[in-house]
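A.B. asks: Residue numbering for the sequence shown follows the working numbering, starting at 3 and increasing by one per position.
Hints listed in this document are in silico derivations from the structure and should not be mistaken for laboratory results.
Heads up, a few of these hints could be off.
[What the hints assert, rightly or not] Mimicking DSS-like on lysine-lysine, the simulated pairs with C-alpha atoms at most 30 Å apart in a straight line are:
| hint | residue 1 | residue 2 |
| --- | --- | --- |
| 1 | K202 | K216 |
| 2 | K313 | K183 |
| 3 | K201 | K137 |
| 4 | K289 | K425 |
| 5 | K216 | K244 |
| 6 | K132 | K209 |
| 7 | K248 | K347 |
Predicted, not measured: the structure shown is a model, and the values here were computed from it.
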Amino acid sequence: MRIPMRAKPKNVLILILCVCLIPLFWISLVTKQNVSLPGTDFSGLEDIQDRLQVAEHVNKKREEDLKTLRSNFLQILKSVLQVANQTNRSIADMFQTDLAVQLSNMSNISSENSLQLPSLFTYLPHIVGKPQSLKPSFQLSQNRYGAMIVIGIPTIRRDKTSYLQQTVTSLIQGMTNEEQKECVIIVFVAEPGDPEYVKKVAKDLEKQFPEYLKSGLLELIAPPAEFYPDFNDIKQTYGDTKERVKWRTKQNLDFSFLMMYARSKAVYYVQLEDDVIAKPGYFTVMKTFAEQQSSSTWILLEFSTLGFIGKMFKSRDLPVVVEFFLMFYRDKPIDWLLDYFLTVKVCNPEKDHKHCSRMKLEMRRRYKPSLFQHVGTHSSLKGKVQKLKEKDFGKLLLHRAHVNPHAELSTTLKAYQKFTLRKAYIGEDVFWATTPARGDFFQVKLEPPVYVEEILIRTGNPDHKSDILRNGSLLVKMEESTMPSHISQNTNFTLTTTGFYVVTSFKNGLANVKFGEDIGKIQSIRAAVDADNENWVIVSEIHIKERKPATKSTR
């Protein structure tokens, strides 16, 4: 008979140490090889910050899910206690002894002395005991998260023409491949009582947009019927017909469900309708405009003047916005509620109406020209004809916005009225200067210096085609510690007595130059006037594109 050998404690301890220390040693080697060195470009940190913000949104959503579960459980527990009292039975009779003790302890949480925050059940009491009311009844999704912008498109069955596929086509075709990776488009089929229609819309989208559904750019959801109350009990207000009151009340709930579902998917949420077309390049314009605003000073950005089209929110603000909608969803239309929400946030009752309007404009900022055009004629409300159009949709852009590096700006040119160099640099408006003379310039001092891939400065615009810089040069000054030797011999750059290199000239009002990877960090950029200009000059675009740091391999 073979006697099994027992391992000595000393040998076991050595084996455990080897198993633990070898992986740690290997990780330290890999980490050491990839550690950042002084001078590393940290431009990617902003993108990481955005992604962390999205992760925070997801985490908060999970916390709220737990709160919802707890609230549901307490509601069920109250029902159990009520049944026990009515039937003169104890909890112990209804459940096993151990479970009865736990339930009794939990019941103390819901005592009258405990404080409880308002929840969805406060505003929607009809969903109590219906867990299926808080998740889509139909979902066609790859569950893409961590995007920059999520676009919500509510749609319902229309008696006549459907514009949905035209809208989705316009949105997708208006984006580049890179932009599509930063976006999620959610089609919300708000027909809870018609599952066959929901399946039909899903089948149509699968047929026309299979690759975008597969990639996660496009998804479709439908709400459950249990999320909605009995609309026959809705009180008629403002002289509206019962049909219109039911329509606007349901619309408030539609938008609320869609916002709650979408908010954890991206940094920004944009509300659209199912009968619009988008201007090509709209995605980057929205993203850039949002990033240019101080994150703490705006609530709503508008990229269209019509209805609830092209309205952008920060995803982290959506819970408060939705809660406000749900408090008054029976009382007013969605656009009225949005305006009242802004009034409550910023208006001082001791000030006049003009002051209130100015304060709301700080929170509600408009981008011009509009990026979306309303193309539908027949409203989703039966019998209503909607002929409103965006008047400035077809207008050419008078300026182009970019997110440029932090910089100190200076110029010898005299700005006309409010059209300053700063506004052109941040993409808010144009820089319009009176007649430039030889020797004038405007300068961008980058703080700190950065590696630059491309510089583009465009003068003139469609309204003032002659206001261009006809005789000018683009110059750069490099940081000495990163400047390569013999740069003048390796490039066509010409060194001036001021330490700047002339890198290109303005041709037809445009200066554009691309730099190779061997160029050091740039600390100053100057646009110089080489001869007296006959006309004024408009600077409509300034784009300083930073070079992304090369990704190091871990192998």
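A.B. asks: Take the hints in turn and mark each one as holding or not.
C.D. replies: Results for each hint:
1. Restraint check for K202 and K216: the C-alpha separation of about 18 Å stays at or below 30 Å, so the hint holds.
2. At roughly 21 Å between alpha-carbon atoms, K313 and K183 fall within 30 Å of each other, so this suggested pair holds.
3. A distance of roughly 17 Å separates the Cα atoms of K201 and K137; the hinted pair therefore holds under the 30 Å criterion.
4. With a C-alpha separation of about 17 Å, the suggested pairing of K289 with K425 holds against the 30 Å cut-off.
5. With a C-alpha separation of about 42 Å, the suggested pair K216 and K244 falls outside the 30 Å cut-off, and the hint is violated.
6. Straight-line distance between C-alpha atoms of K132 and K209 comes to about 34 Å, which puts the hinted pair past the 30 Å bound.
7. For the suggested pair K248 and K347, the alpha carbons sit about 28 Å apart, so the restraint of at most 30 Å is met.
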